[in-house]
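Engineer: One-letter residues, chain by chain:
2 protein chains.
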Amino acid sequence: MQATTEQITLGPLPGSEKNFLRRTRSDGIELRVPFRQVRLTDGTCFPLYDCSGPFTDPQTAIDLHEGIQQLREPFLQSRKELQPESRIIQAPGSFERTNRVARPGSRCTQMHYARKGEITPEMEFVALRENLNPEFVMDEVARGRAIIPANVNHSELEPMAIGRNFLVKINANIGNSAVKSSIEDEVEKMVWATRWGADTIMDLSTGAAIHETREWIIRNCPVPVGTVPIYQALEKVNGKPEELTWEIFRNTLIEQAQQGVDYFTIHAGVLLRFVPSTANRVTGIVSRGGSIMARWMLAHHQENFLYTHWDEICEIMAAYDISFSIGDGLRPGSIADANDEAQFGELKVQGDLTRRAWEFDVQVMNEGPGHVPMNKIKENMDRQLEWCDEAPFYTLGPLTTDIAPGYDHITSAIGAAMIGWFGTSMLCYVTPKEHLGLPDKEDVRQGVVTYKIAAHAADLAKGHPGAQLRDDALSKARFEFRWKDQYNLSLDPDRAKGFHDETLPGEGADVAHFCSMCGPKFCSMEITHQIRKMNSHGAGKQSEDTGQTRAKSNNGSQAAPDAVHSGSTAGTDSSTDPIQGMEQKSREFLEMGGEIYVSKQASSQDSTSDRD
Amino acid sequence: MQATTEQITLGPLPGSEKNFLRRTRSDGIELRVPFRQVRLTDGTCFPLYDCSGPFTDPQTAIDLHEGIQQLREPFLQSRKELQPESRIIQAPGSFERTNRVARPGSRCTQMHYARKGEITPEMEFVALRENLNPEFVMDEVARGRAIIPANVNHSELEPMAIGRNFLVKINANIGNSAVKSSIEDEVEKMVWATRWGADTIMDLSTGAAIHETREWIIRNCPVPVGTVPIYQALEKVNGKPEELTWEIFRNTLIEQAQQGVDYFTIHAGVLLRFVPSTANRVTGIVSRGGSIMARWMLAHHQENFLYTHWDEICEIMAAYDISFSIGDGLRPGSIADANDEAQFGELKVQGDLTRRAWEFDVQVMNEGPGHVPMNKIKENMDRQLEWCDEAPFYTLGPLTTDIAPGYDHITSAIGAAMIGWFGTSMLCYVTPKEHLGLPDKEDVRQGVVTYKIAAHAADLAKGHPGAQLRDDALSKARFEFRWKDQYNLSLDPDRAKGFHDETLPGEGADVAHFCSMCGPKFCSMEITHQIRKMNSHGAGKQSEDTGQTRAKSNNGSQAAPDAVHSGSTAGTDSSTDPIQGMEQKSREFLEMGGEIYVSKQASSQDSTSDRD
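Protein chains in written order, with our numbering: chain A, 69 to 680; chain B, 69 to 680.
If you are wondering where the hints come from, they were derived from the structure by calculation, not from laboratory data.
These numbers come from a predicted model, not from an experiment.
Do not rely on the hints blindly, as some may be mistaken.
Note: identical chains are not told apart, hence a pair may lie in one copy or across any two.
[As the list claims (entries may be wrong)] Computed cross-link-like contacts, DSS-like style, restricted to lysine-lysine with a CA-CA straight-line distance of at most 30 Å:
no., residue 1, residue 2
1, K416, K552
2, K304, K601
3, K601, K308
4, K416, K601
5, K530, K416
6, K444, K304
7, K530, K444
8, K530, K148
Looking at chain A on its own, in the form it has when it is part of the complex (with noise of 0.2 Å):
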């Protein structure tokens, strides 16, 4: 089984460019950072991060079966802690690729780099990506309060952080099951969510194919990769728990490892201990490694092997840098079971289990919920920092209510967004087909998307600084009425563009001063412009000058944070008073008949009128 490029999508998104920020290492190593460009209607850029690889740049080309750039060759060439390795498995395909390891004794984590005080070119790569100093990213992946997760054999990543003082990011799941689904699919899928902006994927494949599945999404993929090993490992005792083994599991880390999984997720925290406390929940254990590992225990009634080789699997993954996702297998499957006995439980062992992990220098995130109702999220975050020492927590929304099967992506983003800003460092997305069956494209798109505003708004909430230079930078765009600006700007300009195309198509529609939700008359934008303008025959100068503040702004610059905004908190302590203007002139105004109200109309209606 083999994907094809023709499959893919390809292209920039509208009015978009991807661009270059570059800079030369003093070891001699060229970075390269990849940006979007959103070019404005005034001329002037917005640079946006970018997590879409090469599949949006028209000037590289695609071949699946060659798989993308390797970014990290050169990263990883020169680092002597590594020496070259064979796969246990053969990988299929064509892919040309050098397979690496530590040497024996020796570390090659981001976590161990940072430790001894050395910026690697990942940290540096993800320094100019976040415009950041890189001192701060190596200093926070050796607190162990970010990641880095970039696994040696994964050499197309393009270096990303995951930590609370970095931006928000969003992962997407994606994989088939026995039921649907096929290769094809799922590069097409990984592909497309990283257009819409997936920061990582999980391929939580489980069915046939799962080693070539994710051979070929590895090859291709610019983000971080996840799995939960424990899937492929049921599949190769027949889906039966009970016949599960340590030393089935640790070939399938090494397989998966070898392949360039960048991060695995783990249910050590399921202890026997806890398996009875989710006996009278509503819902029990929702998380699949977690009821795997439960049915396991009982079967044998031992503790969970994977809590009993941490140190062994703190080993593979310290020889790959593989970063922990640590499982929340006992995490609530609905209201009723949030913030209980096992939960918690699970979340105190997940603690212990960090700092182990940290002791061989491995990088670790937690996962977390779920299903809690609002008043309960904010104790789950508190919590996490707590007892895992500040890891970077990963939460799964979480959803606030059970009853929308069908907008659990809503659901769950009303979570997400205010765990995001509590201090969680990574959404684990959901959408739209959750509890109903397996995403297909546009679910992948809603639900990337809609993630994207949770992480968002957590970026705002938490007064990340630049975040809101976009909101800025769209309003602007809105309230002079430079619909395609507005467009690009936006998470989804095809759908932006898309709907209001449904009322009002056309391009003389772009430039209209109103839209078909209040019609030409009723436009409150439109009207304010006016009493701008009336206000602006008497305050002169001053108006004028913050309009030339505003188109400042507008370059999206982070060295100018926000000039629109401070420009605002100024209001009527300017020392010109723009009421008194408005007294000089209103009759003036009048005497005018409206006329600027009437010809605006007019003009308006004009530009439309193939359309009413």
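Could you slot chain B onto chain A? The hints should help.
Structural biologist: Relative to the frame of chain A, chain B by itself:
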């Protein structure tokens, strides 16, 4: 122009029946409070609050030309404070109604009666509807902390309450603009919006046939109808704000009062002194009513005539028992403008206006923002509670970011859920078309369901008694693979079933113990059932008892709240230790060869083999 019944969506939601709670008052008036009953597959029923009126009741014939049943007519006939009145504009269509107004010197508002200690039929209706004490409802209305919007000329209304000690309510805006829509569309939108759960609707029509459209809507509308009278007043002066006069506005109020509008949005807090503080905003004035009044004030250089004529407006409101929805004309239209001087200046004036209206026994709620980042939402609620003496708050979202046109139902649901939790009484929905165009039916459905999610999430977070019963019932159905019950208990049964059937169609899939998301082998809930069975081998009777407790809780009766949840907190403290049972039985189970799992899996696959 007439609306025809053929275009109207009729009939119950899947699995639901209309039912009524009946009570005869001591004054002989009979109350008949509608409920939606969901019939579950185990034969029990789950009652749901229902605002869809007779349109979902197959027992009731619908003829839009007659209007729906005048449920309140007996209430109003018995009210001595009312006298007949002829309309200043003849009612269009064939509707036969008695028009009423308060006798000179008399008061007829719910607040008036409440302050006198009189429990009106409307209050008792609300009490039955929300399972509350009628005295409590009366006290809340007397205190101004809740309103029952109920114009004496809206006899078709099924009374409901808006207040923060009641269920959080949602409003859906409908109405045509100059560019699009018709009477038929708008009546169907009203029926459609209440079908999905809109507690009130606002008719924001601005185009032609504004009076006639409104008449058709009100005569057929079981929920309160709100309007923004300045829109129609502006039509009367051909869209020129500066030609508006108090007299034109006053006549518009009376015209609409006589039609039966239940609440009026009036932008009386937009004072002349606030306008200059909007000049430096990123998005100026974004409320249509606010911008109209700002323009009027600038043109005349006079104070807002809605403010200077407040007492006269209160007299009109009192004469028909119309509630105020005091507009927030200066609400922020972008993240940059949130919580600024203009916005909070107006909010303080809203508080003054509230107290003045209460002197006339007029019921009041206050409108709120808008665009507000999450970290600034609570301040809005806190100030409103303080400055407006706990009058109900009624917010538009707020939208927590500006960057997602096309998805603003979601950006705003995040803020709406939060501010609902903090104490907002009603949430004005936002559809996916916000900022882009006039919503169509599918947008209305998306907007309403999304806001039901926000309102319900808020009820849960507030710990509203009974709110969680629905979550528990649905989650229990989900856990027990009762797919039909899961759909029918959800906010949108059609969508839930539709999404599920996309990947696993057919009747068999409705009983399958998995869905296409995970497939049969990886269904955590199915595995949990197996674990419980293993558990019960050892724990014996204890587990079975738990099962019975659950079955009991399934009737959703509010008298037996949440047996499920109290069960789950018991956990390991129960007298029989399930761990012990596991110890004894784990080997036995293994000897059975994991047959429970295998046979289960096989049978699941059999039942769906036609779909693999």
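Engineer: Could you run down the list of hints and mark each one as holding or not?
Structural biologist: Okay, the hints, checked on the actual structure:
no.: 1; hint: K416 <-> K552; result: neither (50 Å within a copy, 38 Å between copies)
no.: 2; hint: K304 <-> K601; result: between (73 Å within a copy, 25 Å between copies)
no.: 3; hint: K601 <-> K308; result: between (74 Å within a copy, 16 Å between copies)
no.: 4; hint: K416 <-> K601; result: between (61 Å within a copy, 28 Å between copies)
no.: 5; hint: K530 <-> K416; result: both (26 Å within a copy, 28 Å between copies)
no.: 6; hint: K444 <-> K304; result: neither (39 Å within a copy, 52 Å between copies)
no.: 7; hint: K530 <-> K444; result: both (19 Å within a copy, 11 Å between copies)
no.: 8; hint: K530 <-> K148; result: neither (39 Å within a copy, 57 Å between copies)
In this structure, the hints that do not hold are numbers 1, 6, 8, in rising order.
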